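Fit chain B to the known structure of chain A by using the hints.
Protein chains: 2
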Amino acid sequence: VAASGLAVGVDVGGTKLASALVSSDGTIIDRRRDDTPADDPDAVVDLVADVVTAFAARHGIARMPVGLGAPGAVDATGTVRYAPNVAFANYPLRERLEERLSGPVVVDNDGNIAAWAEFVRGAGRDARDAMVMLTVGTGVGGGLVLGGALTRGAHGYAAEFGHLIVAEGGPPCPCGNRGCLEAVASGTAIGRRAEERRSAGDLPEDSLLWRPGRLSGKDVTVAAFEGDAAAAEVIAEAGFWLGVGIASLVNALDPELVVVGGGAMQAGDLLLDPARAACKERVMGARFRAVPTVQRALLADDAGVIGGALLALDLAGAG
Amino acid sequence: VAASGLAVGVDVGGTKLASALVSSDGTIIDRRRDDTPADDPDAVVDLVADVVTAFAARHGIARMPVGLGAPGAVDATGTVRYAPNVAFANYPLRERLEERLSGPVVVDNDGNIAAWAEFVRGAGRDARDAMVMLTVGTGVGGGLVLGGALTRGAHGYAAEFGHLIVAEGGPPCPCGNRGCLEAVASGTAIGRRAEERRSAGDLPEDSLLWRPGRLSGKDVTVAAFEGDAAAAEVIAEAGFWLGVGIASLVNALDPELVVVGGGAMQAGDLLLDPARAACKERVMGARFRAVPTVQRALLADDAGVIGGALLALDLAGAG
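Just so you know, the protein sequences line up as chains A and B, in that order.
Here our numbering is used: the first residue of the first sequence is 1, the next is one more, and so on.
Here our numbering is used: the first residue of the second sequence is 320, the next is one more, and so on.
Take these hints with a grain of salt, some might be off.
Unchecked claim - Non-contacting residues of chain B with respect to chain A, defined by C-beta distances greater than 10 Å in every case (computed):
#, residue
1, T334
2, A357
3, A368
4, R382
5, A406
6, E414
7, S421
8, R447
9, A478
10, P490
11, Q585
12, R606
13, R608
What the hints assert, rightly or not - Derived DEER-like restraints, expressed as beta-carbon distance ranges:
#, chain 1, residue 1, chain 2, residue 2, range
14, B, R352, A, N85, 54 to 60 Å
15, B, P491, A, D126, 16 to 22 Å
16, A, D39, B, T396, 54 to 60 Å
17, B, I347, A, G268, 55 to 61 Å
18, B, G488, A, S102, 55 to 61 Å
19, B, G532, A, N85, 54 to 60 Å
20, B, K335, A, T27, 55 to 61 Å
21, A, D39, B, F607, 17 to 23 Å
22, B, K599, A, A87, 26 to 32 Å
23, A, G268, B, S343, 50 to 56 Å
Source of the hints: derived by calculation from the structure; they are not laboratory data.
Fair warning: this is a prediction, and the values are worked out from it, not measured in the lab.
Each residue gets a CB set at the ideal place from its N, CA and C atoms; glycine is no exception.
Chain A extracted, bound-state conformation (with noise of 0.2 Å):
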């Protein structure tokens, strides 16, 4: 562990950059959030320097590990070779990152690093071996832990459940394809089936959805809590799809628990409950064996944060 004990995360999304302090024991020190300047890649980099400085001179500290998480695709090597929402394309942020910072640097995609806070100090922190995580939000996106590490795949791009393909020939996701986990069971996947059924007239008369104007996963739970039966449907379809993924994950990778987080958690066991039932009916051995929990994740929003200030330290501590 560096001599401090403390690191710094950085979360990186499409339009906020957040930024914390963070212990060794995954307590936030001092945090802050500022816009991510998402068309110049550059200007992030310029961006995480002036955050990791501020940090370092208001806490007097000389020298940080710092780990970051990307939405993307991040390879080995800490390049970001295309992301969604931000202008990366084959940059190489870990190495830029290191130019301008005297500390050692972690690059990471986001669900990784979210799955690694949740695994060490939230929703996971019991569990030994095996972990998968889920961040419905936007997107899908995943992490996951196996013999109680991080694993990346051969070249960094593991752990992307949302292109779990659950539901062949079905609705189109952003990445080309149909059907993904990511086109059912997103945030925005919750809004666009509450849409569709506004458009073919699928709505109770009273229905909170009628009103006019996109709908977005948010709207579609607020609906929900507010008593909305139409709009509690739309959130328990993209449940169950929900489930049919962590199925086929459970059948696969034999976690010890599944950790669920992002924003449409907000929906909360609207969306797990049918998440679980269609999980537990489709879980093989469910005769000779107990099937692994499904659970909300703990850390909110924090996670990105919390899990690279963690990953950098195991990682400082190690090299």
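Same frame as chain A, now just chain B:
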């Protein structure tokens, strides 16, 4: 590695028990084949003890590690929790074998063992880190190598790739669910689909599939090689679903390659080409990375005995 550098690999099938004396480079020195006493687990133990004793006597070896692949769910202690075709039910196979044999014993799922053989000595021998294997026969099994090692999950039940849900609500699977990969892409599924087309009259007048009686996957394969278009279509349909499942596995696990073995591979590229096409269309990130190749297994029926022996030698060497 044990003194002799030799081990016995045993592949317990539903009808045949194959065994071989294998050297540390995967060469088969001697082999035999017996009927599996499938309704009596203790008789399986007796038979394996006889086989090992006979190999040891014939080759003048005092003590050898033994690696055994069992069809079904094998937990981390080598207990067979459940097997579809042999009467193992919570049967402590490894413990019973160790009571009878002088060397160390490894018991694992047959899909894991075949995958290990292909990774070390077969189609994956040039891979370093990550390989997905599917065994397509009566059912669909699997094995998973990550970080250069077999990945068994938290309890030993990982890699049940036959129970990825690819066609939710589709044909029934022996596991009790519907739409599992095994229900649409196994040899059994190929035979059943051909029978369905026959029952529905959905075959050309001159199709070889009109013949009465049950149709196996092998029957359909033979007909396809004799130029029967409907038979080739049925195999291609299974291959399509296989490719859908493989795409999900690539997105979830990022392997260097995917290996397909098992009896249904007698259909060769009639099965694999449609699988490759369906996979390629559905793998995420084809714009920034190479899609892993989908290759035939190389060790055919010997994967079980070779993998069992190699795994036993590894563990004996490590222990």
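| Just checking, A368/B versus chain A, shortest CB gap more than 10 Å? | 26 Å, holds
| request: Test the statement that R606/B is away from the interface with chain A: the closest C-beta pair must be farther apart than 10 Å. | output: Violated, since 7 Å does not exceed 10 Å.
| query | Taking the minimum C-beta separation from Q585/B to chain A, is that value above 10 Å? | reply | 26 Å, holds
| query | Is the hinted range of 55 to 61 Å satisfied by the C-beta distance from G488/B to S102/A? | reply | At roughly 57 Å between Cβ atoms, S102/A and G488/B fall inside 55 to 61 Å, so the hint holds.
| message | Minimum C-beta separation from A357/B to chain A exceeding 10 Å: can you confirm that? | response | Given that every Cβ of chain A is farther than 10 Å from that of A357/B, nearest at about 19 Å, it holds.
| field | Whether A406/B stays farther than 10 Å from all C-beta atoms of chain A, as the label says | value | 14 Å, holds
| field | Verdict on A478/B as a residue remote from chain A, using beta-carbon distances over 10 Å | value | 7 Å, violated
| How does the Cβ-Cβ distance of K599/B and A87/A compare with 26 to 32 Å: does it lie in that range? | Holds: the Cβ-Cβ distance is about 27 Å, inside 26 to 32 Å.
| Given as non-interface: R382/B, which should sit over 10 Å from chain A by C-beta | 31 Å, holds
| query | Range hint 17 to 23 Å: satisfied by the CB atoms of D39/A and F607/B? | reply | Holds, since D39/A and F607/B (Cβ atoms, about 19 Å apart) stay within the stated range.
| Does T334/B sit more than 10 Å from chain A, CB to CB? | Given a closest Cβ separation of 23 Å, the condition holds.
| request: Confirm or reject the claim that P491/B and D126/A have a C-beta distance inside 16 to 22 Å. | output: 37 Å, violated
Going down the numbered hints, you'll see the structure goes against 8, 9, 12, 13 and 15, while the others check out.
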